[in-house]
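Visitor: Here is how the chains run, residue by residue.
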Amino acid sequence: MDAFCIDLAKEFHAQHVDVRAYMDDCTITAPPAIAESVLAKALDLMRHYGFQPNLEKSAMTCKSPLSDHRPIVPFRPPTEEFVMLGVNITDNRCVAIEAREQLHRVDAGAG
Amino acid sequence: MESSRPIAASPFTDEDVFNAVKRMSRQAATAIDPWTKDLLLSIISVDRDNASMLAGVLHRILTLHGPAEEEAGRPFSEAAMNIVRAGRLIGIPKGEHDIRPIVISCSLAKLLGTVVLNKCSSKCSAHQFALNTVRGHERIAHMARRELNNGKVVHRIDSRNAFNIAARAKIFNIVKRPGEKDPHLLQYFVTMYQPVSSLFVFGENGRTARVMANEGVRH
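Top to bottom, those sequences are chains A and B.
Each residue of the first sequence is one higher than the one before, starting from 1 at the first, in my numbering.
Each residue of the second sequence is one higher than the one before, starting from 1001 at the first, in my numbering.
Hints were generated in silico from the structure; no laboratory data involved.
Warning: the hint list may mix true and false statements.
As the list claims (entries may be wrong) - Result set (BS3-like, lysine-lysine): computed pairs, CA atoms no more than 27 Å apart in a straight line:
| # | chain 1 | residue 1 | chain 2 | residue 2 |
| --- | --- | --- | --- | --- |
| 1 | A | 41 | A | 63 |
| 2 | B | 1094 | A | 57 |
| 3 | A | 10 | A | 63 |
| 4 | A | 10 | B | 1094 |
| 5 | B | 1123 | B | 1110 |
| 6 | B | 1022 | A | 41 |
| 7 | A | 10 | B | 1181 |
| 8 | B | 1022 | B | 1170 |
| 9 | B | 1176 | B | 1119 |
| 10 | B | 1037 | B | 1170 |
| 11 | B | 1094 | B | 1110 |
| 12 | B | 1119 | B | 1037 |
| 13 | B | 1110 | A | 41 |
| 14 | B | 1022 | B | 1037 |
| 15 | B | 1110 | A | 10 |
| 16 | A | 57 | A | 10 |
| 17 | B | 1123 | B | 1176 |
| 18 | B | 1170 | B | 1119 |
| 19 | B | 1181 | B | 1170 |
| 20 | B | 1176 | A | 57 |
| 21 | B | 1119 | B | 1181 |
| 22 | A | 41 | B | 1119 |
| 23 | A | 10 | B | 1123 |
| 24 | B | 1094 | B | 1176 |
| 25 | A | 57 | A | 41 |
| 26 | B | 1022 | B | 1094 |
| 27 | B | 1110 | B | 1170 |
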């Protein structure tokens, strides 16, 4: 998985593409203009390294509508849940929970 | 798979064993044998020689297929090595109709893996958040949320049984790349994955089955 991440990041170097993995779970963020080509390249590279991408279980989301979107993987509107690694990233309540937990940690440290 | 004979992994020290045992997680699943972090820690703490002895055993397991086997004396028998490579295959329910297969390994294989990773000169890149990153999964999610709010597209790519179907030949090609070649890691891969490994499934009424695995890796 690491070799895949390195190759993909190299391919889109200096184009604001971030490739992150947690074991075999892969997350890529990219500017909308190149998002489709990043995804296509990522799937090619994954297959090259012997992985079998599961397109039905993969997904993409974006706050702004994508022009010329050809759905290789399902598109989830930002108004819907988008869970990755156990966290729903489209729910801003999570940010509030995170901030509250951080405050608790600071309070506990100060105490 | 081609031979890895031209490489040599340096011997392990008692310090290597201590560091690896300390890094083991108390929450980790118990190995196929009953050794745990606390048991190993007590046995090596009570007498430093035990750690040295364990370091020797681990190094002999590692170099079974390498040039150091003559120096290390008589290698372990194939039966002993089959025990080290053996694993217990368990199916954890995943959704309503699916299972997630996991393998519980031998404690010596797990400990050896940790010692090797500690000594290994090639480390995972900054792209991998599962190793050496505290709460790495949460970090990825928070970064993705921030980037989504900044107008980026977020892709989540799922792969089918990534560990269980990983092609060993492809992994071997990566492990032996000139820039990434580490004698310990290469030896570990060859020792653990060159031969077919036996995975045991325990069923109802004491029934057992053996699955021969020639692809896939453990995690």
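Visitor: Against this structure, judge whether each hint is valid.
Guide: Quick rundown of the hints versus the structure:
1. Taking the CA atoms of residue 41/A and residue 63/A, the gap is near 22 Å; set against the 27 Å cutoff, the hint holds.
2. Under the criterion of a C-alpha separation no larger than 27 Å, the hint pairing residue 1094/B with residue 57/A is consistent with the structure, at around 14 Å.
3. Restraint check for residue 10/A and residue 63/A: satisfied, since their Cα atoms lie roughly 26 Å apart, inside the 27 Å limit.
4. Between residue 10/A and residue 1094/B the alpha-carbon distance is near 35 Å, which puts this suggested pair outside the 27 Å criterion.
5. A distance of roughly 18 Å separates the Cα atoms of residue 1123/B and residue 1110/B; the hinted pair therefore holds under the 27 Å criterion.
6. Under the criterion of a C-alpha separation no larger than 27 Å, the hint pairing residue 1022/B with residue 41/A is inconsistent with the structure, at around 41 Å.
7. A hinted pair counts as satisfied when its Cα atoms are at most 27 Å apart, and residue 10/A with residue 1181/B qualifies at roughly 20 Å.
8. Annotation: proposed proximity of residue 1022/B to residue 1170/B is violated, straight-line Cα distance about 32 Å (limit 27 Å).
9. With a CA separation close to 16 Å, the supplied pair residue 1176/B and residue 1119/B stays within the 27 Å bound.
10. A distance of roughly 32 Å separates the Cα atoms of residue 1037/B and residue 1170/B; the hinted pair therefore is violated under the 27 Å criterion.
11. As the CA atoms of residue 1094/B and residue 1110/B are separated by approximately 25 Å, the hinted pair is consistent with the 27 Å bound.
12. At most 27 Å may separate the alpha-carbon atoms for a hinted pair to count; residue 1119/B and residue 1037/B meet this at roughly 19 Å.
13. Proximity of residue 1110/B to residue 41/A is assessed by CA-CA distance (about 35 Å); at most 27 Å being required, the pair is judged violated.
14. Taking the CA atoms of residue 1022/B and residue 1037/B, the gap is about 8 Å. The hint holds against a cut of 27 Å.
15. Only pairs whose Cα atoms come within 27 Å are accepted, and residue 1110/B paired with residue 10/A is rejected, the gap being roughly 33 Å.
16. Pair hint residue 57/A plus residue 10/A holds up; C-alpha atoms about 26 Å apart against a cutoff of 27 Å.
17. Of the pairs offered as hints, the one joining residue 1123/B and residue 1176/B holds, with about 14 Å between alpha carbons and a cut-off of 27 Å not exceeded.
18. Taking the CA atoms of residue 1170/B and residue 1119/B, the gap is near 23 Å; set against the 27 Å cutoff, the hint holds.
19. Using a Cα cut-off of 27 Å, the hinted pair residue 1181/B and residue 1170/B holds, with the two alpha carbons roughly 14 Å apart.
20. Under the criterion of a C-alpha separation no larger than 27 Å, the hint pairing residue 1176/B with residue 57/A is inconsistent with the structure, at around 32 Å.
21. Only pairs whose Cα atoms come within 27 Å are accepted, and residue 1119/B paired with residue 1181/B is accepted, the gap being roughly 13 Å.
22. Annotation: proposed proximity of residue 41/A to residue 1119/B is violated, straight-line Cα distance about 34 Å (limit 27 Å).
23. With a C-alpha separation of about 18 Å, the suggested pairing of residue 10/A with residue 1123/B holds against the 27 Å cut-off.
24. As the CA atoms of residue 1094/B and residue 1176/B are separated by approximately 35 Å, the hinted pair breaks the 27 Å bound.
25. For the hint pairing residue 57/A with residue 41/A, the CA-to-CA distance comes to about 18 Å; that is within 27 Å, so the pair holds.
26. Distance check on the hinted pair: residue 1022/B and residue 1094/B sit about 32 Å apart at the alpha-carbon level, beyond 27 Å; violated.
27. The suggested pairing of residue 1110/B with residue 1170/B holds, with an alpha-carbon distance near 22 Å, which does not exceed 27 Å.
The structure shown violates the earlier hints numbered 4, 6, 8, 10, 13, 15, 20, 22, 24, 26.
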